[in-house]
Amino acid sequence: MTGTDAQKSGERADEAPPTRDRFRHFIVVPTRWMDNDVYGHVNNVVYYAYFDTVINRFLIGEGGLDIAVGPVIGVAAESHCRYRRAVAFPADLDAGLSVGKLGRSSVRYEIGLFPRGEEEVAAEGWFVHVFVDRATRRPAPIPAGLRAALERLTIG
Numbered sequence: 001m002t003g004t005d006a007q008k009s010g011e012r013a014d015e016a017p018p019t020r021d022r023f024r025h026f027i028v029v030p031t032r033w034m035d036n037d038v039y040g041h042v043n044n045v046v047y048y049a050y051f052d053t054v055i056n057r058f059l060i061g062e063g064g065l066d067i068a069v070g071p072v073i074g075v076a077a078e079s080h081c082r083y084r085r086a087v088a089f090p091a092d093l094d095a096g097l098s099v100g101k102l103g104r105s106s107v108r109y110e111i112g113l114f115p116r117g118e119e120e121v122a123a124e125g126w127f128v129h130v131f132v133d134r135a136t137r138r139p140a141p142i143p144a145g146l147r148a149a150l151e152r153l154t155i156g
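For the sequence shown, the numbering used here begins at 1 and goes up steadily by one.
Be careful, since some hints might not be right.
Quick list of in silico lysine to aspartate or glutamate cross-link-like pairs, DMTMM-like style, CA-CA up to 20 angstroms [claimed, not checked]:
#1 101 to 62
#2 101 to 37
#3 101 to 35
#4 101 to 21
#5 101 to 78
Don't read these hints as lab results, they were simulated from the structure.
Bear in mind the structure is a predicted one, so any value in this text is a computation, not a measurement.
Kindly generate the complete structure, drawing on both the sequences and the hints.
Quick look at the structure:
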């Protein structure tokens, strides 16, 4: 990306990649054979599935989000990924998660994907959830238990 392209997208071309200490929560995400594309590396669209995995595992496991029948659900509003270097099956990734911004009914997650045990990020991104009432799909306050879990991930 050129400097001009980066400015248009709101990024800086010379921006340093995030380090592990930027993230508050990690899980291991294994790559799968089917994740590789014809070029021999994980296809770009699969990274978003990895983002979804680390976020939703946290929301369900740590925040008590009931995806089946809970009154509030999170819907994706926005996402972004910056690819720093390729990864390929077979590899395990350390998926790091933090909260960059926590609002009344929305949250912006920061995600970093690191090859297992390595310090150099392979991909980084962000993802925005808006929490809505399951029945009406209107914005709803983030439930207290979920908010408390998200606050633990907030970066300053």
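Is residue 101 within 20 angstroms of residue 78, Cα to Cα? With a Cα-Cα distance of about 13 angstroms, the restraint between residue 101 and residue 78 holds, given a limit of 20 angstroms.
Quick one, are residue 101 and residue 21 close enough, alpha carbons at most 20 angstroms? Roughly 17 angstroms separates the two Cα atoms, so the pair holds.
Taken at face value, is the distance from the CA of residue 62 to the CA of residue 101 at most 20 angstroms? holds, 18 angstroms
Holds or violated: residue 101 to residue 37, with C-alpha atoms at most 20 angstroms apart: Violated - the C-alpha atoms of residue 37 and residue 101 are around 34 angstroms apart, more than 20 angstroms.
Between the alpha carbons of residue 101 and residue 35, is the straight-line distance 20 angstroms or under? Since the Cα atoms of residue 101 and residue 35 sit roughly 30 angstroms apart, the hinted pair is violated (cutoff 20 angstroms).
Violated hints, listed in ascending order, are 2 and 3; each of the other numbered hints is respected by the structure.
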